[in-house]
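Fit chains B, C and D with the ligands to the given chain A structure using the hints.
Residue numbers (our numbering), protein chains in the order written: chain A, 1132 to 1477; chain B, 1132 to 1477; chain C, 6 to 347; chain D, 6 to 347.
No wet-lab data here; the hints were simulated from the structure. Incorrect hints may have been included.
[Said to hold, decoys possible] Calculated lysine-lysine pairs in the DSS-like style (CA-CA distance at most 27 Å, straight line): (1) Lys1163(B) x Lys206(D); (2) Lys277(D) x Lys206(D); (3) Lys206(C) x Lys1163(A); (4) Lys1270(B) x Lys1321(A); (5) Lys1321(B) x Lys1270(A); (6) Lys1321(B) x Lys1271(A); (7) Lys1163(B) x Lys1441(B); (8) Lys1321(A) x Lys1271(B); (9) Lys277(C) x Lys206(C).
Okay, here's what each chain looks like letter by letter:
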Amino acid sequence: MPSVSELQEMYEQAVTARRYEERLQEEYLEGKQPAFDISAGPIPGELHLAAGHEAAAVGVCQHLRDSDVVTAPHRPHHVAIAKGVDLRRMTAEIFGRRTGLSKGKGGHMHLYDPEVNFACSGIIAQGCPPAVGAALAAKKRNTDDVAVAYLGEGAISQGAFLESLNLAGLHDLPVVFVVEDNDWAISMPKGRVTDVDDGSRRADGFAVHGDRVDVDDAVAVYEAAGEAVGRARNGNGPTLLEVQVHRRMGHFMGDPESYRPEADAERAEALDSIPRLEERLRAHGVEDDEIEGIRERANDRVEDAIVWAKDQPQPDPEEAYEDAFTQQPEGWPERPEVAATDGGER
Amino acid sequence: MPSVSELQEMYEQAVTARRYEERLQEEYLEGKQPAFDISAGPIPGELHLAAGHEAAAVGVCQHLRDSDVVTAPHRPHHVAIAKGVDLRRMTAEIFGRRTGLSKGKGGHMHLYDPEVNFACSGIIAQGCPPAVGAALAAKKRNTDDVAVAYLGEGAISQGAFLESLNLAGLHDLPVVFVVEDNDWAISMPKGRVTDVDDGSRRADGFAVHGDRVDVDDAVAVYEAAGEAVGRARNGNGPTLLEVQVHRRMGHFMGDPESYRPEADAERAEALDSIPRLEERLRAHGVEDDEIEGIRERANDRVEDAIVWAKDQPQPDPEEAYEDAFTQQPEGWPERPEVAATDGGER
Amino acid sequence: MAQVEAPGPETTDRELTMSRAMVEAIRSEMEENEEVFYMGEDVADYGGIFDSTQGLLEEFGHDRVMDVPISETGFIGGAVGAAMQGMRPIAELMFVDFFGVCMDQIYNNMAKTAYMSGGSVSVPMVLTTAVGGTYNDAAQHSGTLYGTFAHLPGMKVVVPSTAYDAKGLMHTAIRDDDPVVYMFHKRLMGLAWMPAPEGPKTPVPEEPYEIPFGEADVKREGEDVTVVTLGLHVHRALEAAEELAGEVDVEVIDLRTLVPLDTETVLDSVRKTGRLVAVDEDYRSFGVTGELLARAAEGALEDLEAVERVATPDVPIPYARPLEEEVQPGVEDVVEAVRAVR
Amino acid sequence: MAQVEAPGPETTDRELTMSRAMVEAIRSEMEENEEVFYMGEDVADYGGIFDSTQGLLEEFGHDRVMDVPISETGFIGGAVGAAMQGMRPIAELMFVDFFGVCMDQIYNNMAKTAYMSGGSVSVPMVLTTAVGGTYNDAAQHSGTLYGTFAHLPGMKVVVPSTAYDAKGLMHTAIRDDDPVVYMFHKRLMGLAWMPAPEGPKTPVPEEPYEIPFGEADVKREGEDVTVVTLGLHVHRALEAAEELAGEVDVEVIDLRTLVPLDTETVLDSVRKTGRLVAVDEDYRSFGVTGELLARAAEGALEDLEAVERVATPDVPIPYARPLEEEVQPGVEDVVEAVRAVR
Ligand SMILES: Cc1ncc(C[n+]2csc(CCOP(=O)(O)OP(=O)(O)O)c2C)c(N)n1
Ligand SMILES: Cc1ncc(C[n+]2csc(CCOP(=O)(O)OP(=O)(O)O)c2C)c(N)n1
Ligand SMILES: [Mg+2]
Ligand SMILES: [Mg+2]
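So that you can see chain A by itself, here it is in the shape it has in the complex:
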């Protein structure tokens, strides 16, 4: 069981993440007035928000330290926050600013913070092999660091994930695969894409530990993740942990969700993990105003990050030519400096 202070920490991360997504949603949509145009506004491009997934982030990351590695998929913010990614620089990245984590080159699906060993990939399940590789590095270097790969329940039919399970099990690697089951892969319900209700059963065919948390509850995740992370840290191999969460917003901003029954959205609303976490705090004697204080702190932190980010400079167009390589070859890449080519006078 988490201590009261751990509960408070998890709660703070969870409400920070929730607030963050709500505020990004506002910022994003505001820029798309009057007609929704994906490339308009201060946050362009796709935006996948994770409101409703917080329990999976905070319940797992509570067990992690900076040197542990996390790879996240296309829906990364809540995990980034729980892992301790620099919120200002992450926000600046999402707003496409030069002081963003990736100098504006990455965007919201490509957040990297080497300080806390966080990375993403926007391609389904493709964060799994690098997490296995990070775990392999930990084992080779004889540290007791672990790696955690997050993926959605829609990703458990992708080869990259399944191959990773085998590799991790074979070498008893310190890695935990966390499947966030939000019932949907864009418009496809889980039952349409696999016959297995309990995604952790995928582990069975690889002799890997599998476990599932059926309730959207940070403490239940904390418990299961504690075992899984402990197993990894102690050299006892990987775990596949599926966690029930809920998608409170569309798959991406702008998703009309016309495929989604009203009742399903309502159910997701009702099963939210944040009020449940609040109740736990109250049950542990935490007062309402303390809870309110945490929320305010979270809101302030989010606001600070957004205000800071929006104040940051845009990248200079010329910067586009940098960073494809760490050791950039001379004269590379060829710039489109247009010049007459019909003489030798180039």
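Using the frame of chain A, we list chains B, C and D with the ligands on its own:
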């Protein structure tokens, strides 16, 4: 239990396949005298022979008809023979002749006989998705045809196979995955590449039927395959069937096998399925000279195919430019007709 | 199928967006032929993230407009297997950028089976896929990969730039006995949430018609400079030509298909103008623009006065607006390049 | 690491095959740096199907010379993850033709991470892979795919043609902080069972040395025609040049790396000779030979008198000997092309 005539059929296919591989080995190596040169001799390129795998071929294919689809991997001959592929044209293909199944364009890893719905791919596990597709076609067309995908035990960690299991299970497709477990993937023993002894356990995570035949015995395979093929044909979904076989030759011809313990090769030799099948025949009262007769017929058929194939014409170099497309675009591909380009006089 | 002359866009007043035109062809083929079906992620209830199947579920149901698990190797390879049995599947790779999770099925099975079987087995399928940037979807969702697909033999590669072409090329693609990769540019589809430029929305005749592969379309005739391009950049090139009108007389050629490539139309134009600007949205080196310059050098060197190419530089595609705009070839880049070859 | 002048091949009498030279560099880097390890199928006890790791297991054991399951996405992606942590893995894709089962890890993770992270994370790994035909391994095992890899940004692409270069380029590759794709041609390795031509076996100094990326090697100077090539075809081009000696004075350039590409050396030569023959073993269209012609046209159009390319035509690679020989660019094809541009 197979009837006596079925036993005889299986035996005939098995000894045909065995003899075929032995004769190909001779032809192949003879062309590589005095020093082994992979590109020399009447059969150039790689050659993966399946001596020791016959039980998996005949035990399964005994249940199949021409309209059923089989996809085979890089080690395809025994399965092709059991499926009824035209032996002369297959042999001509292996010898690279114009009258070969693929006009000499395919080679031994790329045998296609649409008459009996047989195909191969030389890339590990990549025959699985097309088998699933063939099964899907059967279901859509409402036939009761089934599809069988063969793969090695080394292939059960490849994404293509694992994704196929899920798809097949999800749509209850009439497909059987047959894993030929010969203990080795080139130089890598099974235990080095997966933690699971029984490869059919891979099915568990997809709610697919899994089964394993532990002895290298055509009748045991026949029994298990009968169930699996029946399940598929009756609309009850896919099966993953692993079958123990033995690799009696190197991975490919020319493989020094220096990684392989002497004792392992001897064990494989001792566990051969063909003498076992002979004993079954005898136990069913088939006389020795009948058995001898079958062997002779098999040998004759193999000899006929080889003699015929070697007598066939080589393809014309110009044919290389044909068949990339069924509807070949005009003037395509550009031929390397070298001509001066420094004037307009091309 | 007897080849009839396609009715021109001038035969109708009915304008369609590119996505509507593409779907119209698919619908018509599905109605005609039970063996045509569509597989992809979110193609059923969602109607395709980029409207590539919008409305088809209602008419054909989940059996013929199939949502599939996120396992591209599995279902694209499945389409190959069904096609080898003579069905005519259309499989959708949601973004071309995801090709790497399933390229073996595409390259080694879909594209090579006809050849490896000596022509005894064909693979009559269409692989549809969304390409292109301009909306800040960053490095893993903005590629076109035109050159990557065109380089590997055994697939025909189609890139429509207008609704009229999108329909005709789709009819041809589905009826073709070979694998066809049909790359539609998101920015051209006419999505409610991603405004298309002027141009892709065109008159589209109601009846089915085919546009033959390997016939480039001279979108605008001109005497001074040849601009060869495809997809989104057809419209940018036309805009550039408009801007230059009076100053430089620009000929604009829309390749429409990369495989087969209509070298003759390009060479004819280059022989006339002597000046070639190759424009595309793919990475600059070892791709389409290089091939075009090479073919011009091979076939019309004596007439060639100047060449230039405009493409995405050899870096992954960046996210932030000023950065993406820098790497994304724009109208002004084409204008500049045309001026440079003058 | 301070860049010291590499000792030339003339400093030693010791001749090595290309595979021995490549392994020598790997061994030396593994001895120097605990963080270097090798992963691949059959790289431990077998020593690599093409001898790419022969002898390493004995010295370093299974932990540093790791056999892995046949799951290229898993272990190549694993190498990416280990490299992101600062290790220096070498991962082997047994044949380049298998790229399609793992290209997402290569293209979207290995190659793009530096850029997508704005340079905050680098991926210092080497991807080794065997390329090439000439021994009738047919459509799925004979490709080079030079153009495919060179086209996609974020990887350096290396193709050695001699033992001397193989060693120096491998040292550079392992020490480089970026992902390097190291493509070794099977026919050049000096395998007991696949005789190499004259040429790849060269003197190789015992000490470690680096060959910088982006510096083409002028293998033979000549005044009349420039032949630009790489890999196996360096030797074929040299043989063709020898055959033409007296008739045509051929300059032969070995690119050695495709990314970065040494355009200057090519242009200098073309400005001198005015005649360019680009030769490679990859598919003809949308690849390396097209890029070379394009760069010549861009950079030296005025001096360009004639161009020609010699490559594998746009078909999958056939099996039978007469067919493979037809599509595989041979010495005589180069001779003919050189004569054609004269
Ligand atoms: C290989 C690949 N295929 C498809 C996609 C497009 N895509 C992005 S998110 C998504 C759905 C993912 O569902 P799930 O894994 O359940 O995660 P969720 O979005 O529900 O969090 C899809 C299909 C992709 N990014 N990569
Ligand atoms: C994707 C891919 N990776 C690697 C190879 C090279 N390869 C060919 S056969 C083989 C071993 C296969 O072992 P197994 O599946 O057990 O079949 P077996 O050869 O034992 O019959 C390997 C690694 C390949 N063809 N495709
Ligand atoms: Mg989901
Ligand atoms: Mg095996």
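- Item | Hint check against the structure, violated hint numbers in rising order | 2 and 9
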